[in-house]
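Chemist: Protein sequence lines, in the order shown, are assigned to chains A, B, C and D. Residue numbers for the first sequence, in numbering that gives the first Met the number 0: 0 to 223. Residue numbers for the second sequence, in numbering that gives the first Met the number 0: 0 to 223. Residue numbers for the third sequence, in numbering that gives the first Met the number 0: 0 to 223. Residue numbers for the fourth sequence, in numbering that gives the first Met the number 0: 0 to 223.
Fair warning: there could be bad hints in the mix.
Where chains are identical, the list cannot tell them apart; a pair therefore holds if satisfied intra-copy or between any two copies.
Stated by the list, open to error - Derived DSSO-like pairs: lysine-lysine, alpha-carbon spacing no greater than 30 Å straight-line:
#, residue 1, residue 2
1, LYS20, LYS131
2, LYS131, LYS151
3, LYS17, LYS210
4, LYS131, LYS96
5, LYS131, LYS190
6, LYS16, LYS204
Derived by calculation from the structure, the hints in this document are not laboratory data. Given the structure is predicted, the values throughout are model-derived calculations rather than measurements.
Number of protein chains: 4
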Amino acid sequence: MPVIIVNYKTYAEAAGKKAVKLSKTAEEVSLESGVNICVAPQVADIKSIAETVSIPVFAQHIDPVVPGSYTGHILLESVKEAGAVGTLINHAEKQLKLCDIEAIVARTREADMISVVCTSNAAVSEAAAALKPDIISLEPPELIGTGIPVSKSKPDAVTEMVTLVKHVNPCAVTLCGAGITKGDDVVAALKLGTMGVLVASGIVKAKDPRKVLMEFSEAISETM
Amino acid sequence: MPVIIVNYKTYAEAAGKKAVKLSKTAEEVSLESGVNICVAPQVADIKSIAETVSIPVFAQHIDPVVPGSYTGHILLESVKEAGAVGTLINHAEKQLKLCDIEAIVARTREADMISVVCTSNAAVSEAAAALKPDIISLEPPELIGTGIPVSKSKPDAVTEMVTLVKHVNPCAVTLCGAGITKGDDVVAALKLGTMGVLVASGIVKAKDPRKVLMEFSEAISETM
Amino acid sequence: MPVIIVNYKTYAEAAGKKAVKLSKTAEEVSLESGVNICVAPQVADIKSIAETVSIPVFAQHIDPVVPGSYTGHILLESVKEAGAVGTLINHAEKQLKLCDIEAIVARTREADMISVVCTSNAAVSEAAAALKPDIISLEPPELIGTGIPVSKSKPDAVTEMVTLVKHVNPCAVTLCGAGITKGDDVVAALKLGTMGVLVASGIVKAKDPRKVLMEFSEAISETM
Amino acid sequence: MPVIIVNYKTYAEAAGKKAVKLSKTAEEVSLESGVNICVAPQVADIKSIAETVSIPVFAQHIDPVVPGSYTGHILLESVKEAGAVGTLINHAEKQLKLCDIEAIVARTREADMISVVCTSNAAVSEAAAALKPDIISLEPPELIGTGIPVSKSKPDAVTEMVTLVKHVNPCAVTLCGAGITKGDDVVAALKLGTMGVLVASGIVKAKDPRKVLMEFSEAISETM
Numbered sequence: 000m001p002v003i004i005v006n007y008k009t010y011a012e013a014a015g016k017k018a019v020k021l022s023k024t025a026e027e028v029s030l031e032s033g034v035n036i037c038v039a040p041q042v043a044d045i046k047s048i049a050e051t052v053s054i055p056v057f058a059q060h061i062d063p064v065v066p067g068s069y070t071g072h073i074l075l076e077s078v079k080e081a082g083a084v085g086t087l088i089n090h091a092e093k094q095l096k097l098c099d100i101e102a103i104v105a106r107t108r109e110a111d112m113i114s115v116v117c118t119s120n121a122a123v124s125e126a127a128a129a130l131k132p133d134i135i136s137l138e139p140p141e142l143i144g145t146g147i148p149v150s151k152s153k154p155d156a157v158t159e160m161v162t163l164v165k166h167v168n169p170c171a172v173t174l175c176g177a178g179i180t181k182g183d184d185v186v187a188a189l190k191l192g193t194m195g196v197l198v199a200s201g202i203v204k205a206k207d208p209r210k211v212l213m214e215f216s217e218a219i220s221e222t223m
Numbered sequence: 000m001p002v003i004i005v006n007y008k009t010y011a012e013a014a015g016k017k018a019v020k021l022s023k024t025a026e027e028v029s030l031e032s033g034v035n036i037c038v039a040p041q042v043a044d045i046k047s048i049a050e051t052v053s054i055p056v057f058a059q060h061i062d063p064v065v066p067g068s069y070t071g072h073i074l075l076e077s078v079k080e081a082g083a084v085g086t087l088i089n090h091a092e093k094q095l096k097l098c099d100i101e102a103i104v105a106r107t108r109e110a111d112m113i114s115v116v117c118t119s120n121a122a123v124s125e126a127a128a129a130l131k132p133d134i135i136s137l138e139p140p141e142l143i144g145t146g147i148p149v150s151k152s153k154p155d156a157v158t159e160m161v162t163l164v165k166h167v168n169p170c171a172v173t174l175c176g177a178g179i180t181k182g183d184d185v186v187a188a189l190k191l192g193t194m195g196v197l198v199a200s201g202i203v204k205a206k207d208p209r210k211v212l213m214e215f216s217e218a219i220s221e222t223m
Numbered sequence: 000m001p002v003i004i005v006n007y008k009t010y011a012e013a014a015g016k017k018a019v020k021l022s023k024t025a026e027e028v029s030l031e032s033g034v035n036i037c038v039a040p041q042v043a044d045i046k047s048i049a050e051t052v053s054i055p056v057f058a059q060h061i062d063p064v065v066p067g068s069y070t071g072h073i074l075l076e077s078v079k080e081a082g083a084v085g086t087l088i089n090h091a092e093k094q095l096k097l098c099d100i101e102a103i104v105a106r107t108r109e110a111d112m113i114s115v116v117c118t119s120n121a122a123v124s125e126a127a128a129a130l131k132p133d134i135i136s137l138e139p140p141e142l143i144g145t146g147i148p149v150s151k152s153k154p155d156a157v158t159e160m161v162t163l164v165k166h167v168n169p170c171a172v173t174l175c176g177a178g179i180t181k182g183d184d185v186v187a188a189l190k191l192g193t194m195g196v197l198v199a200s201g202i203v204k205a206k207d208p209r210k211v212l213m214e215f216s217e218a219i220s221e222t223m
Numbered sequence: 000m001p002v003i004i005v006n007y008k009t010y011a012e013a014a015g016k017k018a019v020k021l022s023k024t025a026e027e028v029s030l031e032s033g034v035n036i037c038v039a040p041q042v043a044d045i046k047s048i049a050e051t052v053s054i055p056v057f058a059q060h061i062d063p064v065v066p067g068s069y070t071g072h073i074l075l076e077s078v079k080e081a082g083a084v085g086t087l088i089n090h091a092e093k094q095l096k097l098c099d100i101e102a103i104v105a106r107t108r109e110a111d112m113i114s115v116v117c118t119s120n121a122a123v124s125e126a127a128a129a130l131k132p133d134i135i136s137l138e139p140p141e142l143i144g145t146g147i148p149v150s151k152s153k154p155d156a157v158t159e160m161v162t163l164v165k166h167v168n169p170c171a172v173t174l175c176g177a178g179i180t181k182g183d184d185v186v187a188a189l190k191l192g193t194m195g196v197l198v199a200s201g202i203v204k205a206k207d208p209r210k211v212l213m214e215f216s217e218a219i220s221e222t223m
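For reference, chain A alone in the conformation it holds in the complex:
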């Protein structure tokens, strides 16, 4: 089933009370359209959002640590108790050591949380797939925040990613992101073999996030 994950980053437009409000909007569109929409807010906002909406809430990052003496780290158990059902891992803006990605994916698996490993190109995607996360999301860093959609400007990279990931890990779900701002971009992503998109500024910084989310959702519904 296709999915839209909305990454709130540290955008002022999607923090605190505004994060809760945007999450309600996402929930409404999800209920109305039947499309699976997830949100990835800042850690401090996870609990409020998870208590307010029924759509899945993700962390943007967790650290490769266990309960104990790890001051200042983001712990799986903490975001889980707050209500997160999964986490982004290795986002282009928070890239991790290979050993830490492996450790975090393994921890999410044990904790029955959904792991979304973000990757910058096809080779890295294949490597990530070998760690058996639930989802791999290709986001070429040079396109992030540009409005130039990966699904239209780099279709071959997406296709190659999907093929390589399937070879190593046939169960993995693939997404793509970067520059996604229109329903058409989402359709293009699905046609390339992915199961949806990871989007940030395209929704968060839109004049009317509800309208864009609805456009994305309708595009998905028509494609299926």
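Once you've looked at the hints, dock chains B, C and D against the given chain A.
Modeler: Just chains B, C and D now, kept in the frame of chain A:
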């Protein structure tokens, strides 16, 4: 005015609902004893705690970023809106680049938040003091979690730290931490010229945290 | 063809003039036994060693940078001009971001240098193999420097690594390391399907490095 | 006595054989002009250069490690045996944790090597000065490589740095760098109270490095 800051680290005993409960205990002891007790929970717990208790809540760490495209980072504005009034910086378990400590201290100053820079020895304390944070807390890493109190086992290091910090920044408040488990350890810290202690396992992992917090608070009251 | 790579780390016993001397010993054993022995000294010693011996010299690490404004970084072009024919990547003591491993492997490929990606377990090995380095070397961190040979204490981990790597990258050469001190350990490594060993203290800190290198080489010759 | 330190970064124009050649040029100008010129090449080039010229050779960075199991790290003892008499620390392109800067400065002191801590602004300079390095060099990152000289475009920042550093550490030598390309820029730096400049592209990427070095040296000689 002396202060006790309780660092919850990523301890299971001080996370989620348990974090709220421990914070209520800290608030009760603070009200009863008149001693200033602050708590530093995990980010995901800041909001619940700040909404529940009136004692000061600190973040354990914030990243040197501004609102924007910083997926997975901990933003000052986010922990502040959640209710934090300050933050630990450069804890021994989350050591930072010098340039980042400078940037974070500057950001806390602009945001009227309290900055507590943790340091590992006297020379580092003096360097940190030059950045003009509100509080410098010496915590020799080799004593953290050992139960060997810095204030008794390394009194000269604490005295040197206090002297060097005052030279560079006469307004700075100094604390010390590591191995603090008894009222006597707190008294020793005050006698060395600090304004209190940064404590973690000594409270969080105590059989009866309320009792130990009360012991610390009474020791402080008697010393003043 | 089997290979022994001797990692000099930052050991005093294998630095500067001592590094050149040890490399001469390695060359003699290699010539005498016909076994392929490579050395991986500190960067500052690469040139002297490469000018003195004819056996392959590796860097222990290179940074993911290109010629330009990267003060303090270790550049592929620099170690190559000094005489290195390859490099270790992601050693347990110098672990790297996934994106950086990918970038470094790609750079070594373009520069016709041999890439040896070190890995800590089978899953990480499979991920590394997807990046198409020339060599993958499994070194469980908990065994490094212990004298407990990976090839005898964790044979299943080595076999799994070899299988997973071959699945993703049939051309990749596999090695293993950690705790290798005897000819028997090397034989065990070969029998598990690897093409040799990555060894450090087992040679560098041996009372008689020549004797141990000869023991390793004879064990390899007898196995082939 | 004023000093010019030439940072070769990882520039192709100042690597390998070209690094040795540029160092000879620097030596010639130094002998001819009587001005103290130092060079900071890549690690792999330190030995060749130190064996060829008599002017001081610096490392661009060393890691906070001791001899032992630190694969891939740059060790003080190694660059010292290769011929370095000092090291840059915390360059804007290789920024370090506060605790590591402290450890490296302490190690250079014990080893009688010259420590040059690079800093990005006045507050960081004062902090660095508290660690008692031999030299503090202010290099505002935004000016590096621009050709806009710090000594002319940010004179107040340089003056403030000199004042704050002297307060904390009266013995410290101060330098400045970033955008220095002309003799006039060097004169301006000296007039602001520094003892010289840290320069990179201004020399390395000059059409005629000898001519620019001579211009710098003559400007210094005339100022003294």
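Chemist: Against this structure, judge whether each hint is valid.
Modeler: Do the hints match the structure? See the list:
Proximity of LYS20 to LYS131 under the C-alpha cut-off of 30 Å is found in neither arrangement, the shortest distances being 34 Å within a copy and 38 Å between copies. Within a single copy, LYS131 and LYS151 get their C-alpha atoms as close as 27 Å, and across copies as close as 28 Å, so both meet the 30 Å cut-off. For a Cα distance limit of 30 Å, the shortest separation of LYS17 from LYS210 inside one copy, 17 Å, qualifies, whereas the shortest one across copies, 41 Å, does not. When the C-alpha separation of LYS131 and LYS96 is checked against a cutoff of 30 Å, the pair qualifies both within a copy, at 16 Å, and between copies, at 18 Å.
For the identical chains of this complex, LYS131 and LYS190 are neighbours both inside a copy (24 Å) and across copies (28 Å), given an alpha-carbon limit of 30 Å. In the homo-oligomer, the alpha carbons of LYS16 and LYS204 lie at most 30 Å apart inside one protomer (16 Å), although the nearest pairing across protomers, at 34 Å, exceeds that limit.
Of the numbered hints given earlier, the model fails hint 1 alone.
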